[in-house]
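Engineer: The listed protein sequences correspond, in order, to chains W and H. Residue numbers for the first sequence follow my numbering, so the first one is 9 and each next one is one higher. Residue numbers for the second sequence follow my numbering, so the first one is 9 and each next one is one higher.
Just so you know, not all the hints are guaranteed correct.
[What the hints assert, rightly or not] Here are some chain W residues the structure puts well away from chain H; computed CB gaps all over 12 Å:
no.	residue
1	Lys43
2	Ser53
3	Asp93
4	Asn223
5	Met262
6	Glu380
7	Gly396
8	Lys401
9	Lys445
10	Leu448
11	Leu450
[To be verified] Covered stretches of chain W, going by a simulated chain H footprint (3 or more residues, C-beta under 8 Å):
no.	stretch
12	172-184
13	426-434
It should be emphasised that the hints constitute simulated quantities derived from the structure, not laboratory data. Computed from a predicted structure; not experimentally measured. We put the CB at the ideal spot given by N, CA and C, even for glycine.
2 protein chains.
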Amino acid sequence: MKLFLSFSVLFFFATLTKAQPSLNISYISDSTQIKNLADEVMIRSTAYKNLRTLCKEIGPRLSGSSNALRAVYAGKKMLEAAGADTVYLQPCIVPHWVRGAKEEGYILINGTKEKIKLTSLGNSEGTNGKLINADVVEIKKMEDISRVNVKGKVVLINIEMNPTYIKTFRAYGESGVGRRAGPSLAAEYGAVAVMVRSLASNEDDHPHTGATVYNDSFPKIPAVAISTQMANKISSVLQSGKTVKAMIKSNCKMIGTANSFNVIGEIRGAKFPAQIITVGGHLDSWDLAEGAHDDGTGVVQSIEIIRSIKAQGIKPLRTIRAVLFMNEENGGGGSKAYLQNAKQKKEQHIFALESDAGGFTPRGFNLDMSLEKEQKVKEWAPLFYQYGVYDFKEKGSGSDVGPLKEIGTSLAGLQTDSQRYFDLHHAETDVFEAVSKRELDLGAMNMAALIWLVSEYGL
Amino acid sequence: MKLFLSFSVLFFFATLTKAQPSLNISYISDSTQIKNLADEVMIRSTAYKNLRTLCKEIGPRLSGSSNALRAVYAGKKMLEAAGADTVYLQPCIVPHWVRGAKEEGYILINGTKEKIKLTSLGNSEGTNGKLINADVVEIKKMEDISRVNVKGKVVLINIEMNPTYIKTFRAYGESGVGRRAGPSLAAEYGAVAVMVRSLASNEDDHPHTGATVYNDSFPKIPAVAISTQMANKISSVLQSGKTVKAMIKSNCKMIGTANSFNVIGEIRGAKFPAQIITVGGHLDSWDLAEGAHDDGTGVVQSIEIIRSIKAQGIKPLRTIRAVLFMNEENGGGGSKAYLQNAKQKKEQHIFALESDAGGFTPRGFNLDMSLEKEQKVKEWAPLFYQYGVYDFKEKGSGSDVGPLKEIGTSLAGLQTDSQRYFDLHHAETDVFEAVSKRELDLGAMNMAALIWLVSEYGL
């Protein structure tokens, strides 16, 4: 462990030393340009104002909904106002899932009926307005599903997010298996419905939705999320040896597909226009709240990159493209269309950066590219330290730019301080008021700096 | 700039290399012990529960108030519950300032009277229930006070916090001169009252209080804070050439001194009990809200250090003392008493750590100690990286441990991600709900690790 750390430091040092000839010449001018961009964003950013529009004037933006379409046109207007050279809509096909009339849920303990909050999982099938009524059986690990008798039961998949993981996305990824694969696994063993403990790192009474993925080999049983508090309560009653009955009524269903759009705004490269740099977030959101942190913030930050670079009179050497992706939450229709288009037109995508980890203070950039390119990005790291970004060690990018890997694009994702993210992610608490203007702008500012560096030096 | 950075890296590397012989032996066991402490805090911390008690059961804790005394006894109980070997109260004298009946404020523009929100500055004298009524004159820099005619006027000291400073405390320190020294300076030039733009980094309608310091050579004129929104509004009216009249009525006054206490909980050192390590936050708060981030969080984090070390069965070699200081906000009575006691008893204070920068995600430790000791602390830095703490470069500590410098104590302060701090600092928005449990616990966890390292190895 110690040795590994020392080698990292040594390597970092060696890299810097080796890089000095080129860095020495350009460091001061790069640093000055980034400071100008930083001041531009920290003083005159329109990201917060745009976010208010997305959250308060439009609101929830579920793929296929009329609100999602309103967001498309609002995004187009924002990119035009930001000064993009070209703004256009790129058609895509999205699944059209609807929640229908609000879910109803009850639990019955010792003959006492209690109303509970629940929310259908995205892409799931509901009870078709009928009341399912069955005993609850709890599992705490996925493998337990084959060990307990779930036939005819409602399965409570009660997997906590591990509080000891300092990076919350790690806990989300690990515990998320219950929401994603749990319903079909429970159906395989004969369950009639699934209640998933919300993927939340705090204890409160808000259920968090999110997509589930059915396996076509098994019945598509209803699947809802309940709050962490309710999951704890039911669990403790069951552990005391009592029985708990659950009653669930819901109306959600997949009703086909819909036409929608990615929204794209470009600044054409002054010297290498064919080399494309993408920066994006996703315009769609879940329907429970305003999709503020997920991912209104990524959208308005991407627009702010265009605005700040234009406002500073920078003429980037390579093409910078802000992409407001559609349908990240429950299908990826937008990112598929973006890749397909790039392939058809044989576009040269050298770099793509995604912001979809909440509009919190940035901490670093996750990287997914060749070691050689990774080293080039890491040589720029000292330019970011004064802006609070220091971590370039994590692997990763985001689900909207991810598909571009197929055509060899170097990928990155904004790494945020996501300690608060899973308190509100996919829940009704993900609202404009939960976003800090300074945190949002700091993210945009650091993204602008990285995008500008790639536009200037390539990768 | 580049060269400087390279030297820093080189120096950091050299330090690590030099430190390797000792670190190699102990790194794995230190890392394991810290991981155990981290898990203890992230799973079983009582900091959030204690904070709820301080904020919701007690509430505002202005020095000299009955609530401050209730907080003293609550803090004592919490330290006992945390398992401290000894818990005791240390008497101190605090100024007793009271706000009295709520302030009233109006502005008059073009004959239209508008009610405005205002809050008296701490330690200031009010209007004695009378309505002051005078024209407003604005200054944007302190030096302008001698250039404009402020005689008989209400001076609006409208100094924005600089949004381009990435570290918000820098902007707070720089702009804070208006609140601290403005009222007496305005009085020197004949003003009848001062309205200070709130020291806030966001734009909203909440005034932020905070202490002012009168210069005894001049009249103690009334001094209030107005919101950033209201300051912008008045400023734009004045700049359009119109006059603005302000009416201010307030009842605050200094009514003498009061007896109060620091609350102290100790774990006696197993090998060097005479060597004392202090970790603290302040128990008092302003009266407008619950003093959640300022500084309920520092208090409950300090208590959590005791609890987690005890819960892990650690027997620290040196004495660890959690101190809940009284009267940080408007006098420093608690920290003076603490120093005086240490001097009288000739105590050996080797290290003191303060948490008074909000209960936000930690980023580092600010240090104020000899270069040699600073290097020793920096050698521990790699132990903290996985917990998100990486910045050991800033100078500083905190105002409660600061006085210990006189007796040669090495000082430190928790550095947080304070982007949101000055949205709520000293305002009615500083409530329990604004604190994230995970962010709070991460701060406590990193503090526990540093305190444990010093208790094990000294400085």
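Engineer: Just pull the numbers of the violated hints for me, sorted ascending.
Structural biologist: Of the numbered hints, 1, 2, 7, 8, 9, 10, 11 do not hold.
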